[in-house]
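S.K.: The chain contents come next:
2 protein chains.
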Amino acid sequence: MAERRSRPRGEARRELILDVALKSFAENGFHGASIAEIAALCGLSQPGLLHHFPTKAALLAAVLEYRDRIDAARLEWSDRPRGLEALRRLARLVEHNTHVPGLVQLFTVVTGEAVTAGHPANAWATARYRVLESDLAQALSHGITDGTIRPDTDTRALARQIFAMMDGLQLQWLLDPESADMSGLFRSYIDAVIASIATGE
Amino acid sequence: MAERRSRPRGEARRELILDVALKSFAENGFHGASIAEIAALCGLSQPGLLHHFPTKAALLAAVLEYRDRIDAARLEWSDRPRGLEALRRLARLVEHNTHVPGLVQLFTVVTGEAVTAGHPANAWATARYRVLESDLAQALSHGITDGTIRPDTDTRALARQIFAMMDGLQLQWLLDPESADMSGLFRSYIDAVIASIATGE
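These protein sequences, in sequence, are chains U and P. The first sequence begins at 4 in the working numbering and counts up by one. The second sequence begins at 4 in the working numbering and counts up by one.
Quick caveat, the hints were computed from the structure, so don't treat them as lab data. Among these hints, one or two may not hold up.
[Said to hold, decoys possible] Selected chain U positions facing chain P (in silico; Cβ < 10 Å):
1. GLN49
2. TYR69
3. ALA128
4. GLU136
5. ASP157
6. ALA160
7. LEU161
8. ASP179
9. LEU188
10. ALA198
11. THR202
Quick reminder that beta carbons are idealized off the backbone N, C-alpha and C, glycines included.
Taking the hints into account, I'd like the entire structure generated from these sequences.
M.R.: Right under this line is the structure:
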């Protein structure tokens, strides 16, 4: 960290590489992306790029971490929304996602190919869903505790379903935004979920 | 067709190529799959393979069409299930899919990368969701007509959501079958949908 702070130009270059690489992985996937092309787009030699990120897999890992930070900030997950508010927050996130198709595409392309054996994002994607499930289930459990959510709600199953709906709608929206209104379809699903689990308290 | 019938060995070879290619596209995606490797696994020279399928894109198109035929037969969609029965049929399809992870993986990997510009499966994937939406919406409309489904049901939106849930759960299940019980999670979602749209007639 000390090194970064004392070298703002190095930090700026690192961010530039992450931005360019994010776009390239979103457009080409991991296997299709080219380190040589990413370096050229950044005005760097290939060794110059590899100085910052030693392998293509390391670059992808850094891009995914970078995207997660952007999302976490957007979701304001750090203030730990509880109960039904967590669901409303997710609906707003999906609405926001309609304005950042590049980020959505990165996620869809990379998690799709991450199911293959030996893919460098396999562990990241697997861990990510476990954390999402656990965080959302915990938020919903708070709603059970404070009486706003029905106590017979299967919070972990519902969390898995909610993220599945989000991902599936992203895919359809990226392919065909005219036919698949991602934001409206997700919101109507969340409204139905809320109607079915809310106690009305 | 006449040519095929008179050359059963050619037909058998074609099926072998499709089986091998399906596995390769599922494991490597379109960009990562190698025509040379697929040919070798079939015991063919590369020109021998290209005699049957002139390009890698043509081979992928044939594999996707082959997979759709398998699915349509499995779903028995040809007898046009109507109303809530169509939803129960989909839940059984997802249960069946837990036994054919290779087919599920082909679909997840190829549709994920198909969102990228110029991908050979882009038009296939886009058209596929439109047909799925239209067929399921029509089946649900029959349920409105015969009084088993509430008339205020947005059949097209619900169809989009149901296929989104199916796809999102496939992704989580492929990554982490211990944590994501695809079949159980899909069935509980479908049960909730039925509870919310059925009139009880």
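S.K.: Decide, hint by hint, whether the structure agrees.
M.R.: So, going through the hints one by one against the coordinates:
1. Because the closest C-beta pair between GLN49/U and chain P is about 20 Å apart, greater than 10 Å, the hint is violated.
2. With a cut of 10 Å, the hint placing TYR69/U at the interface with chain P is violated, because the nearest CB-to-CB distance is about 20 Å.
3. A distance limit of 10 Å between C-beta atoms decides the matter here; for ALA128/U the minimum to chain P is near 5 Å, and the interface restraint holds.
4. Evaluation of the GLU136/U hint against chain P yields a held restraint, the C-beta minimum of about 7 Å falling below 10 Å.
5. Taking 10 Å as the C-beta contact cut-off toward chain P, the hint placing ASP157/U at the interface holds, the least distance being around 7 Å.
6. For ALA160/U, the shortest C-beta to C-beta distance to chain P is roughly 6 Å, which falls under 10 Å, so the interface hint holds.
7. A cut of 10 Å between beta carbons decides the hint on LEU161/U: the least distance to chain P is about 9 Å, and the hint holds.
8. Taking 10 Å as the C-beta contact cut-off toward chain P, the hint placing ASP179/U at the interface holds, the least distance being around 5 Å.
9. For the restraint placing LEU188/U at the interface with chain P, the shortest Cβ-Cβ distance is roughly 6 Å, inside the 10 Å limit, so the hint holds.
10. Interface hint status for ALA198/U: upheld, as the beta-carbon distance to the closest one in chain P is roughly 8 Å, under 10 Å.
11. Of the supplied interface hints, the one on THR202/U is violated, with its beta-carbon coming no nearer than about 17 Å to a beta-carbon of chain P, more than 10 Å.
Of the hints listed earlier, those the structure fails to meet are numbers 1, 2, 11, in rising order.
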